[in-house]
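In terms of our numbering, the sequence shown opens at residue 1 and continues consecutively.
Simulated from the structure, these hints should not be mistaken for lab results. If you're wondering where the values come from, they're calculated on a predicted model, not measured in any experiment. Quick reminder that beta carbons are idealized off the backbone N, C-alpha and C, glycines included. Some hints could be false.
Label pairs and their computed distance ranges (CB to CB) [claimed, not checked]: (1) R19 x L148: 38 to 44 Å; (2) S192 x I249: 34 to 40 Å; (3) L58 x C226: 52 to 58 Å; (4) L241 x K96: 27 to 33 Å; (5) L268 x K146: 38 to 44 Å.
Restricting the straight-line Cα-Cα distance to at most 35 Å, the calculated cross-link-like pairs of lysine-lysine (DSBU-like) are [unchecked claim]: (6) K136 x K150; (7) K64 x K239; (8) K136 x K71; (9) K178 x K242; (10) K136 x K146; (11) K71 x K60; (12) K136 x K60; (13) K60 x K239; (14) K184 x K239; (15) K96 x K178; (16) K150 x K64; (17) K178 x K101; (18) K150 x K60; (19) K64 x K178; (20) K101 x K239; (21) K136 x K64; (22) K178 x K146; (23) K136 x K184; (24) K150 x K71; (25) K146 x K242; (26) K184 x K64; (27) K184 x K71; (28) K101 x K242; (29) K101 x K136.
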Amino acid sequence: MLKDITLGQYFPGETVIHRMDPRVKIIVTFVYIITLFLADNPAGYALVLLTLASVVLLSKISIKVILRSMKPLLFIIIFTAVLNMFYSGGDDVIFKIWIFKLTWQGLERAIYMILRISMLVIGTFVFLTYTTSPIKLTDGIESLLKPLQKIHMPVHELAMMMTIALRFIPTLVEETDKIISAQKARGADFESGNLLQRARALIPILVPLFVSAFRRADELAVAMECRCYRGSEGRTRMKELKMTGLDYISLSIATFLCAIVICLRIFL
């Protein structure tokens, strides 16, 4: 299960999606999320799904990687779908058992919710973490939040913290997997017993994991100090962000898609 967590991983490439400006990717991601939540009919969802499929194909990210990233969210998706299925109301009853009533409206809402959560996660991963390096993501966030510097907000430090947090998720997952394997080799049992016993069995994992996390944080701080890192003051970039025709086309497509979904919501 831990190996299925791909949040924060970056897959290098030279595709159209990889070459997009990180600022545009962040903006397009927000527009995509808004569009996804505005969709409320089959035509709208089909249009968003077709767009997402096109982006995945252009990014050349393996379908196996994308499906693997959905495994940790499987319980949340199923739980949300069940709640919407039996508690959404509706008059067209399919069957009713005790307090549970399944209607066609509830079934439709559950399908929409599964699609919405799945497309939200996949789209965010593909647009941002999978195809954008941590350095570019930091530069993009900092550039978009730059106006907030006028009210003395530490924009650079905030962007750096967010990116480092994303970057170290795969590292901590790998470290946790190693600790679990080591504990199992020493005879630890994490699968038997009731819920409380399983929770207690995790203590031998959490203690070394926290120690490792603090050690890595200290090593990172020392490495940044050795490289004379002092925050955003006086820093320059080796590669300045510059929008190209590809970025303007991407923004136009995202805006056009959002407009179409709004029209479908109003007229259908």
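A quick look at each hint next to the structure:
1. R19 x L148: 38 to 44 Å: Violated: the Cβ-Cβ distance is about 28 Å, outside 38 to 44 Å.
2. S192 x I249: 34 to 40 Å: About 56 Å separates the Cβ atoms of S192 and I249, which means 34 to 40 Å is violated.
3. L58 x C226: 52 to 58 Å: violated, 40 Å
4. L241 x K96: 27 to 33 Å: Violated, at about 57 Å.
5. L268 x K146: 38 to 44 Å: holds, 40 Å
6. K136 x K150: The hint holds at about 23 Å.
7. K64 x K239: Cα-Cα ~33 Å, so holds.
8. K136 x K71: holds, 28 Å
9. K178 x K242: violated, 41 Å
10. K136 x K146: It holds: about 15 Å lies between the C-alpha atoms, which stays within 35 Å.
11. K71 x K60: The hint holds at about 20 Å.
12. K136 x K60: Answer holds: K136 to K60 is near 19 Å, not above 35 Å.
13. K60 x K239: Holds. K60 to K239 sits at ~25 Å (cutoff 35 Å).
14. K184 x K239: violated, 47 Å
15. K96 x K178: With Cα atoms ~48 Å apart, K96 and K178 exceed 35 Å; violated.
16. K150 x K64: Not satisfied, since the Cα-Cα distance of roughly 45 Å exceeds 35 Å.
17. K178 x K101: Cα-Cα ~46 Å, so violated.
18. K150 x K60: violated, 40 Å
19. K64 x K178: Cα-Cα ~23 Å, so holds.
20. K101 x K239: Status violated; Cα separation ~58 Å.
21. K136 x K64: Status holds; Cα separation ~25 Å.
22. K178 x K146: With a Cα-Cα distance of about 40 Å, the restraint between K178 and K146 is violated, given a limit of 35 Å.
23. K136 x K184: The hint is violated at about 39 Å.
24. K150 x K71: violated, 42 Å
25. K146 x K242: Answer holds: K146 to K242 is near 16 Å, not above 35 Å.
26. K184 x K64: Measuring from Cα to Cα gives roughly 28 Å; hence the hint holds.
27. K184 x K71: Holds, at about 23 Å.
28. K101 x K242: Violated, because 55 Å separates the two Cα atoms, which is more than 35 Å.
29. K101 x K136: violated, 49 Å
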